[in-house]
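Work out the full structure: start from the sequences and follow the hints.
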Amino acid sequence: MAFQELLDQVGGLGKFHILQIVLVFPYLLLLLSHFLLENFTAAIPSHRCWVNILDNDTVTDNDTGILSPDALLRISIPLDSESRPEKRQRFIRPQWHLLHLNGTFTNRTEPDTEACLDGWVYDQSSFLSTMVSEWDLVRSYQSWRSVAQFLFMAGMLVGGFIYGHLSDRWVVESARWLIINNKPDEGLKELRKVAQRNGRKNAGETLTIEALRSATKEELETAQTQTTVCDMFRTPSLRKIICILLFVSKELKKSK
Numbered sequence: 001m002a003f004q005e006l007l008d009q010v011g012g013l014g015k016f017h018i019l020q021i022v023l024v025f026p027y028l029l030l031l032l033s034h035f036l037l038e039n040f041t042a043a044i045p046s047h048r049c050w051v052n053i054l055d056n057d058t059v060t061d062n063d064t065g066i067l068s069p070d071a072l073l074r075i076s077i078p079l080d081s082e083s084r085p086e087k088r089q090r091f092i093r094p095q096w097h098l099l100h101l102n103g104t105f106t107n108r109t110e111p112d113t114e115a116c117l118d119g120w121v122y123d124q125s126s127f128l129s130t131m132v133s134e135w136d137l138v139r140s141y142q143s144w145r146s147v148a149q150f151l152f153m154a155g156m157l158v159g160g161f162i163y164g165h166l167s168d169r170w171v172v173e174s175a176r177w178l179i180i181n182n183k184p185d186e187g188l189k190e191l192r193k194v195a196q197r198n199g200r201k202n203a204g205e206t207l208t209i210e211a212l213r214s215a216t217k218e219e220l221e222t223a224q225t226q227t228t229v230c231d232m233f234r235t236p237s238l239r240k241i242i243c244i245l246l247f248v249s250k251e252l253k254k255s256k
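Per the working numbering, numbering through the sequence shown is continuous, rising by one, with the last residue being 256.
Calculated directly from the structure, the hints in this document are not laboratory data. Where a beta carbon is used, it is the ideal one built from N, C-alpha and C, also for glycine. Heads up, a few of these hints could be off.
Stated by the list, open to error - Calculated lysine-lysine pairs in the DSS-like style (CA-CA distance at most 30 Å, straight line):
1. K183 to K15
2. K15 to K217
3. K240 to K250
Unchecked claim - Simulated DEER-style distance windows between Cβ atoms:
4. F40 to T208: 51 to 57 Å
5. M131 to N202: 57 to 63 Å
6. W144 to D70: 27 to 33 Å
7. I66 to S249: 41 to 47 Å
8. N202 to S167: 31 to 37 Å
9. V24 to S83: 49 to 55 Å
10. I92 to L157: 46 to 52 Å
Quick look at the structure:
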């Protein structure tokens with residue numbers, strides 16, 4: 001008799017397991033969302049240099065006449081190779097001649113530019129705010145995005161270490177774990193609790209230490225053998241899950 005048959009004997013997917021799923025589901029939902037959250041919170045929105053005549057709230061319409069925002073942007077920021085506003089630099093002085101239909105004059109020197117000394121303005125059509133727009137993590141500060149990602153993973157590592165030890169000390173272990181770790185009496189006690197909560201008290205009382213040892217004999221022998229990383233790919237189901245997770249994680253990394 002396998003351990004799964006013991007679970008079926010005490011109620012299988014009964015009230016006890018359904019209650020566990022209901023209690024754990026909200027926690028898992030919040031936890032898993034954090035793994036995907038960084039794709040949005042760390043996104044780099046389209047941005048350009050801040051310019052005084054366009055982005056200064058104290059500048060009124062009378063100061064700029066009847067010029068549209070696009071026209072003000074054209075005379076304030078040079079265009080890149082794709083005819084989009086540059087992200088790294090702006091004109092030192094407004095280039096009014098660019099408002100003419102032909103856009104340029106002959107025999108004119110290249111206008112002087114400067115870096116984005118006053119910060120950036122971000123496109124909010126997709127994201128109202130991200131860590132990039134909040135702290136200006138662009139250009140020379142773009143590497144700080146990786147620092148934020150590192151701190152997130154470091155927090156997971158430290159949290160897993162701390163709360164792992166706390167759970168081992170305060171949270172009840174599963175019956176399977178107790179039996180495999182040579183604690184059959186405690187494992188039997190937990191199985192009887194499951195049977196009682198599933199409304200199968202009589203079935204739980206018929207369980208014995210001998211039945212537990214017989215059901216977990218193969219698992220006990222497996223636990224005593226030395227395992228390697230290659231064992232993760234021996235069974236078809238586990239091999240399929242690992243390959244899917246590797247593929248998904250790779251695609252998520254590309255999206256960042």
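Checked hints:
no. : hint                     : verdict
1   : K183 to K15              : holds, 25 Å
2   : K15 to K217              : holds, 28 Å
3   : K240 to K250             : holds, 16 Å
4   : F40 to T208: 51 to 57 Å  : holds, 54 Å
5   : M131 to N202: 57 to 63 Å : holds, 58 Å
6   : W144 to D70: 27 to 33 Å  : holds, 32 Å
7   : I66 to S249: 41 to 47 Å  : violated, 53 Å
8   : N202 to S167: 31 to 37 Å : holds, 32 Å
9   : V24 to S83: 49 to 55 Å   : holds, 53 Å
10  : I92 to L157: 46 to 52 Å  : holds, 48 Å
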